[in-house]
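A.B. asks: Protein sequences, first through last, are from chains A and B. As numbered in the numbering used here, residues 22 to 298 make up the first sequence, in order. As numbered in the numbering used here, residues 22 to 298 make up the second sequence, in order.
To be clear, the hints were calculated from the coordinates, so they are not data collected in a lab. Heads up, some of the hints might be wrong.
No copy is singled out in the list; a pair is fine if it fits within one copy or between any two copies.
List time: in silico DSSO-like cross-link candidates among lysine-lysine, alpha-carbon distance up to 30 Å [as the list claims (entries may be wrong)]:
1. Lys28 to Lys104
2. Lys233 to Lys104
3. Lys280 to Lys104
4. Lys98 to Lys142
5. Lys41 to Lys233
6. Lys98 to Lys295
7. Lys104 to Lys289
8. Lys98 to Lys289
There are 2 protein chains.
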Amino acid sequence: MNSTDEKDISKLCIHTITTKPWKIEEAAQHFSAAGVKGISVWRDALEGRNVKQTGKVLLEHDLSIVSLCRGGFFPSKDLNKRKSAIDDNRRAIDEAAELGAPLLVLVCGADPSQSLRDSGKQIQDGIGEIIPYASSAGIRLAIEPLHPMYADTRSAINTMKQANDMAEELNSPWVGVAVDVYHVWWDPFLEKEIKRCGENGHLMAFHICDWKVPTADMLLDRGLMGEGCIPVRQIRSWVETAGFTGFHEVEIFSTTHWKENQSEYLRKIIKAYKDHS
Amino acid sequence: MNSTDEKDISKLCIHTITTKPWKIEEAAQHFSAAGVKGISVWRDALEGRNVKQTGKVLLEHDLSIVSLCRGGFFPSKDLNKRKSAIDDNRRAIDEAAELGAPLLVLVCGADPSQSLRDSGKQIQDGIGEIIPYASSAGIRLAIEPLHPMYADTRSAINTMKQANDMAEELNSPWVGVAVDVYHVWWDPFLEKEIKRCGENGHLMAFHICDWKVPTADMLLDRGLMGEGCIPVRQIRSWVETAGFTGFHEVEIFSTTHWKENQSEYLRKIIKAYKDHS
Numbered sequence: 022m023n024s025t026d027e028k029d030i031s032k033l034c035i036h037t038i039t040t041k042p043w044k045i046e047e048a049a050q051h052f053s054a055a056g057v058k059g060i061s062v063w064r065d066a067l068e069g070r071n072v073k074q075t076g077k078v079l080l081e082h083d084l085s086i087v088s089l090c091r092g093g094f095f096p097s098k099d100l101n102k103r104k105s106a107i108d109d110n111r112r113a114i115d116e117a118a119e120l121g122a123p124l125l126v127l128v129c130g131a132d133p134s135q136s137l138r139d140s141g142k143q144i145q146d147g148i149g150e151i152i153p154y155a156s157s158a159g160i161r162l163a164i165e166p167l168h169p170m171y172a173d174t175r176s177a178i179n180t181m182k183q184a185n186d187m188a189e190e191l192n193s194p195w196v197g198v199a200v201d202v203y204h205v206w207w208d209p210f211l212e213k214e215i216k217r218c219g220e221n222g223h224l225m226a227f228h229i230c231d232w233k234v235p236t237a238d239m240l241l242d243r244g245l246m247g248e249g250c251i252p253v254r255q256i257r258s259w260v261e262t263a264g265f266t267g268f269h270e271v272e273i274f275s276t277t278h279w280k281e282n283q284s285e286y287l288r289k290i291i292k293a294y295k296d297h298s
Numbered sequence: 022m023n024s025t026d027e028k029d030i031s032k033l034c035i036h037t038i039t040t041k042p043w044k045i046e047e048a049a050q051h052f053s054a055a056g057v058k059g060i061s062v063w064r065d066a067l068e069g070r071n072v073k074q075t076g077k078v079l080l081e082h083d084l085s086i087v088s089l090c091r092g093g094f095f096p097s098k099d100l101n102k103r104k105s106a107i108d109d110n111r112r113a114i115d116e117a118a119e120l121g122a123p124l125l126v127l128v129c130g131a132d133p134s135q136s137l138r139d140s141g142k143q144i145q146d147g148i149g150e151i152i153p154y155a156s157s158a159g160i161r162l163a164i165e166p167l168h169p170m171y172a173d174t175r176s177a178i179n180t181m182k183q184a185n186d187m188a189e190e191l192n193s194p195w196v197g198v199a200v201d202v203y204h205v206w207w208d209p210f211l212e213k214e215i216k217r218c219g220e221n222g223h224l225m226a227f228h229i230c231d232w233k234v235p236t237a238d239m240l241l242d243r244g245l246m247g248e249g250c251i252p253v254r255q256i257r258s259w260v261e262t263a264g265f266t267g268f269h270e271v272e273i274f275s276t277t278h279w280k281e282n283q284s285e286y287l288r289k290i291i292k293a294y295k296d297h298s
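Model the full assembly from the supplied sequences, consistent with the hints where possible.
C.D. replies: Take a look at the structure:
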């Protein structure tokens, strides 16, 4: 599909952080007016708000609430910090339930003062510990493998294979995987692991953006689809072949794009979604 | 080993780029005076010099010339550029031979306008094409897998497994692998793939430094061993268990360290080598 007019946007979801300068109510209004059908909510966007009421506002704008971002950050050498992380994840599950989001995305964390293997074990233990709480609340948990450049502090789960392994070991209908093209595009086993993820019923979310060439900042220089070198459309085809029918979530942290007029930027997002994903 | 005094530095090699502010002749003099036994030479350090004569200077300082950095950058959508890359790699092999370096390190390259698979094929074809030339010159070629954050333009070979696979497929005594802790430390299969590399006689070089937490720049903010979160000593033990007996090469690009007094920095390098590798 090459023409902007041909492709429908009924599966387009946008993360609140993508249009960070907008308050969540503004984002909901603009997304809805533009025909966007899904929204994923970052917890900072809920600060100082009645979460249940905010969820209602989103639904009134005819938006599906796709996920809450984010829980996780389980590992620490310090047992008390690990306990606090569990508590925070329970709070995130509560927020997801109040908001009406069926899925909590997990950025799993890593403690650079210990081995990645130890951090990995603590992640698995941490998720195992919150599964009953998530299940009671009806909230699914998605392990998001993060790019290896975040292995120091953000996640000890850096490939789809690791995420799949962990989801299979935890063996719960409440635990799956979130695929973000930014983190996994380079992986020679990506197609195979996406297939495996789908076959096991673990493919719970699909995030899109692009890898800019060059990338100026390790965290805040993501590109719009088409601005970089990630074969977004190809990865989407793998995800769909694996049976995924959910939303395509645009998640972009970008100081450059945050400086733009956000209405204009929203138009670019929709065009990029149509042309390059 | 915890004490700075206990560990000998007979396997310590330093890359010219590590102490970039020094001309190669200065570096040789300082390294030698400090008891460093090996030097790896970056091609920019040879600019405007008689390469053979420079090699002699290094030997006169009782330095083993460990490797020349770097060849590679094979992929391009453009056939003429691929041909130019082959020519440049032949020149690099000539330089290595003139210098007296037995090994050329390959940063393999990637063209973001095509798939990583296509870039990978062009890398393998390119190395295949220069093997006879390398063999005639007596120069070995080491494929260096690069961190996935460099998959856009610097290398389509991003894991030890990919490098091992390629070295095995090329199946030449002149082709092996260079292990750099910075690029591979996050990989859950690292120990296994280092073992495999050694068993196949492909383990040709070992580069050390550290991953700073946080890392401010994707290219020029590497740390001294001990300044970050890489388990350098553990990876060294894996490399040695795999049969590697060569030099431990300190390769650090760091605008921070380049600003220091380089004599003072050299003392820090030696201390970091003794204490953390």
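A.B. asks: Indicate, hint by hint, whether the structure satisfies it.
C.D. replies: Hint-by-hint comparison with the structure:
1. Taking the shortest alpha-carbon separations for Lys28 and Lys104, neither the intra-copy value of 47 Å nor the inter-copy value of 41 Å comes in at or below 30 Å.
2. With identical chains, the CA atoms of Lys233 and Lys104 are at most 30 Å apart between copies only, with a shortest distance of 27 Å across copies and 38 Å within one.
3. In the homo-oligomer, the alpha carbons of Lys280 and Lys104 never lie at most 30 Å apart, since the shortest distance is 38 Å inside one protomer and 43 Å across protomers.
4. Only within a single protomer do Lys98 and Lys142 lie at most 30 Å apart by alpha-carbon distance; the minimum there is 12 Å, versus 43 Å between protomers.
5. In this assembly of identical chains, the alpha carbons of Lys41 and Lys233 lie at most 30 Å apart whether taken from the same copy (19 Å) or from different copies (29 Å).
6. Proximity of Lys98 to Lys295 under the C-alpha cut-off of 30 Å is restricted to the inter-copy arrangement: shortest distance 26 Å between copies versus 45 Å within a copy.
7. Within a single copy, Lys104 and Lys289 get their C-alpha atoms no closer than 42 Å, and across copies no closer than 39 Å, so neither meets the 30 Å cut-off.
8. Only between protomers do Lys98 and Lys289 lie at most 30 Å apart by alpha-carbon distance; the minimum there is 28 Å, versus 44 Å within a single protomer.
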